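There are 2 protein chains.
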Amino acid sequence: MAIVECIPNISEGRRQDVLDACAGAISLAGVRLLDVKPDPSHHRTVFTFAGEPDRVRAAVLALYDAAVPAIDLRQHSGEHPRMGAVDVVPFVPIEGVTMTDCVAMAREVGAEIAARHQVPVYLYEEAASQPARRNLEDVRRGEFEGLAQKMRAAEWRPDFGPAEPHPSAGASAVGARMPLIAYNINLATNRLDVAKKIATAVRHSSGGLRFVKAMGIELGDRDIVQVSMNLTNYEKTPVFRVFELVRREAARYGVTVLESEIVGLIPQAALTASAAWYLQLDGFSDGQILENKLRTTAS
Amino acid sequence: MAIVECIPNISEGRRQDVLDACAGAISLAGVRLLDVKPDPSHHRTVFTFAGEPDRVRAAVLALYDAAVPAIDLRQHSGEHPRMGAVDVVPFVPIEGVTMTDCVAMAREVGAEIAARHQVPVYLYEEAASQPARRNLEDVRRGEFEGLAQKMRAAEWRPDFGPAEPHPSAGASAVGARMPLIAYNINLATNRLDVAKKIATAVRHSSGGLRFVKAMGIELGDRDIVQVSMNLTNYEKTPVFRVFELVRREAARYGVTVLESEIVGLIPQAALTASAAWYLQLDGFSDGQILENKLRTTAS
Numbered sequence: 265m266a267i268v269e270c271i272p273n274i275s276e277g278r279r280q281d282v283l284d285a286c287a288g289a290i291s292l293a294g295v296r297l298l299d300v301k302p303d304p305s306h307h308r309t310v311f312t313f314a315g316e317p318d319r320v321r322a323a324v325l326a327l328y329d330a331a332v333p334a335i336d337l338r339q340h341s342g343e344h345p346r347m348g349a350v351d352v353v354p355f356v357p358i359e360g361v362t363m364t365d366c367v368a369m370a371r372e373v374g375a376e377i378a379a380r381h382q383v384p385v386y387l388y389e390e391a392a393s394q395p396a397r398r399n400l401e402d403v404r405r406g407e408f409e410g411l412a413q414k415m416r417a418a419e420w421r422p423d424f425g426p427a428e429p430h431p432s433a434g435a436s437a438v439g440a441r442m443p444l445i446a447y448n449i450n451l452a453t454n455r456l457d458v459a460k461k462i463a464t465a466v467r468h469s470s471g472g473l474r475f476v477k478a479m480g481i482e483l484g485d486r487d488i489v490q491v492s493m494n495l496t497n498y499e500k501t502p503v504f505r506v507f508e509l510v511r512r513e514a515a516r517y518g519v520t521v522l523e524s525e526i527v528g529l530i531p532q533a534a535l536t537a538s539a540a541w542y543l544q545l546d547g548f549s550d551g552q553i554l555e556n557k558l559r560t561t562a563s
Numbered sequence: 265m266a267i268v269e270c271i272p273n274i275s276e277g278r279r280q281d282v283l284d285a286c287a288g289a290i291s292l293a294g295v296r297l298l299d300v301k302p303d304p305s306h307h308r309t310v311f312t313f314a315g316e317p318d319r320v321r322a323a324v325l326a327l328y329d330a331a332v333p334a335i336d337l338r339q340h341s342g343e344h345p346r347m348g349a350v351d352v353v354p355f356v357p358i359e360g361v362t363m364t365d366c367v368a369m370a371r372e373v374g375a376e377i378a379a380r381h382q383v384p385v386y387l388y389e390e391a392a393s394q395p396a397r398r399n400l401e402d403v404r405r406g407e408f409e410g411l412a413q414k415m416r417a418a419e420w421r422p423d424f425g426p427a428e429p430h431p432s433a434g435a436s437a438v439g440a441r442m443p444l445i446a447y448n449i450n451l452a453t454n455r456l457d458v459a460k461k462i463a464t465a466v467r468h469s470s471g472g473l474r475f476v477k478a479m480g481i482e483l484g485d486r487d488i489v490q491v492s493m494n495l496t497n498y499e500k501t502p503v504f505r506v507f508e509l510v511r512r513e514a515a516r517y518g519v520t521v522l523e524s525e526i527v528g529l530i531p532q533a534a535l536t537a538s539a540a541w542y543l544q545l546d547g548f549s550d551g552q553i554l555e556n557k558l559r560t561t562a563s
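From first to last, the protein sequence lines stand for chains A and B. Number 491 in the working numbering belongs to position 227 of the first sequence; there are no gaps in the numbering. Number 295 in the working numbering belongs to position 31 of the second sequence; there are no gaps in the numbering.
Some hints here could point you the wrong way.
Identical copies look the same in the list; a pair holds intra-copy or inter-copy alike.
What the hints assert, rightly or not - Below, a list of computed lysine-lysine pairs in the DSS-like style, where the Cα atoms sit at most 30 Å apart: (1) Lys-557 x Lys-301; (2) Lys-557 x Lys-500; (3) Lys-461 x Lys-414; (4) Lys-414 x Lys-500; (5) Lys-414 x Lys-557; (6) Lys-477 x Lys-557; (7) Lys-477 x Lys-461; (8) Lys-460 x Lys-414; (9) Lys-557 x Lys-460; (10) Lys-461 x Lys-557.
Since the hints were made in silico from the structure, they are not lab data. These numbers come from a predicted model, not from an experiment.
Assemble the whole structure, with the sequences as input and the hints as a guide.
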């Protein structure tokens, strides 16, 4: 059994009929639609679905068929940066598929979208064809409005499709990445400076751990502060290491950890790795998890 | 989906044809046969299987049909205590079933076995009809050879079946219990007295944690010692608490933990609870585990 997750973001967060049509197109392809999160102020919606690779591929193409004719970026404005009607399409390996498989999927699906809709496609993150395209922020900089000019530069030729934006649907970023874990640690203090200093210490951009994005924020209603993080590769930068580093940095200021929280979903393997690390489990394998054994043993 | 695990022990560990017939009977009932562990010196075999409650029930009855005519305890001797051809039959709740369900299963299956084979049945552990029958050791004390005399006392009337042993198949203990976790902690020392003192401190029988059995042993080939444990209820006495208590007791003697190990299988929930405790995860629910979400969302 192979499972890929896909989390496309489209530039429509207000018209329910368009969202219904998109959700319907995805579901009909035979994947599991896990979540639909419209944001009217961003004028953007995030779909989360998962399934067998072939069905995920079909679901993405069906989404384009529904979204491209319905969304016109010339009439679109919202708080979130965007460059396409279907703005971003990441493929995430969940079970029985590798990152290499997801990169291959991004390439195939990207080529097919470009051919079918004349939408230019940029491959990003693990699927990027060059280092300058790894970060989505760089690919999308200038947004829809700046796209025609940006694409005139040779370095911003798309990976697939025409060398100019689709008139109403702009361009798409299609890529592959690890599952994101949204992970927050609450501190037993209301000192925002401490949360900010810890965020600076642990995040990649300012010298910290490779796969951590972090910021310090206030939780005003509780009179405490939080180190709010995204962990972008839990295999290489595991949850327990992030927790222990934050805890140590907090101790430096005489502050303790109140609690931590997972926002949304976390892969089982990230929790198992944490248990194994703290319990100093030696030679443990996933095959020792009773439920895994039950699922993999033939009746 | 409801899954019950069953781990019957039969008093035959040498004749392959009998073991094959028993394994075949179990498999034909439509359960997943996870493990067959014959022990010739114990003259005993442990079968582990799991499946839907109805199929597990059918598999146990099929096992009795195969084992009772084939095993004669009057000709049996081995190192392990035993009182029946099918000696012990525990039902263990794994997924979508409660302990109460497993107790009800033990009663139903026990009554059916007694009626079908004229084998007296004692209910034990969570299914026990009186406190004196909770511990399997107490129920089995005196073994097959002492059974006829033991059963003459009113307090040892069986829960089901005749008031005297089956001539060749003795009696059976049928019960319900939580999954066992075999958990060992290796210490960075070769001082056996330290491992024994820690085992005494943490085990239930000598004043320690309620659901821990423990002993201190030598791992001669590695020149270290081990606290070897069975955790008999991981919900009430969780793995992380056992680990932390052993670690603290070891520190009292200036000894550190080298590593720990799970022998065989561990329920996913026991690992998840450990991760959540160490990471101080607040308000975490199993529904946040990506794989669980995938399995419970309709396509």
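Status of the hints after comparison with the structure:
no. : hint              : verdict
1   : Lys-557 x Lys-301 : between (35 Å within a copy, 16 Å between copies)
2   : Lys-557 x Lys-500 : both (26 Å within a copy, 24 Å between copies)
3   : Lys-461 x Lys-414 : neither (36 Å within a copy, 72 Å between copies)
4   : Lys-414 x Lys-500 : neither (34 Å within a copy, 61 Å between copies)
5   : Lys-414 x Lys-557 : neither (53 Å within a copy, 41 Å between copies)
6   : Lys-477 x Lys-557 : between (35 Å within a copy, 25 Å between copies)
7   : Lys-477 x Lys-461 : within (13 Å within a copy, 46 Å between copies)
8   : Lys-460 x Lys-414 : neither (35 Å within a copy, 72 Å between copies)
9   : Lys-557 x Lys-460 : neither (44 Å within a copy, 33 Å between copies)
10  : Lys-461 x Lys-557 : neither (44 Å within a copy, 35 Å between copies)
Of the numbered hints listed earlier, those contradicted by the structure are 3, 4, 5, 8, 9, 10.
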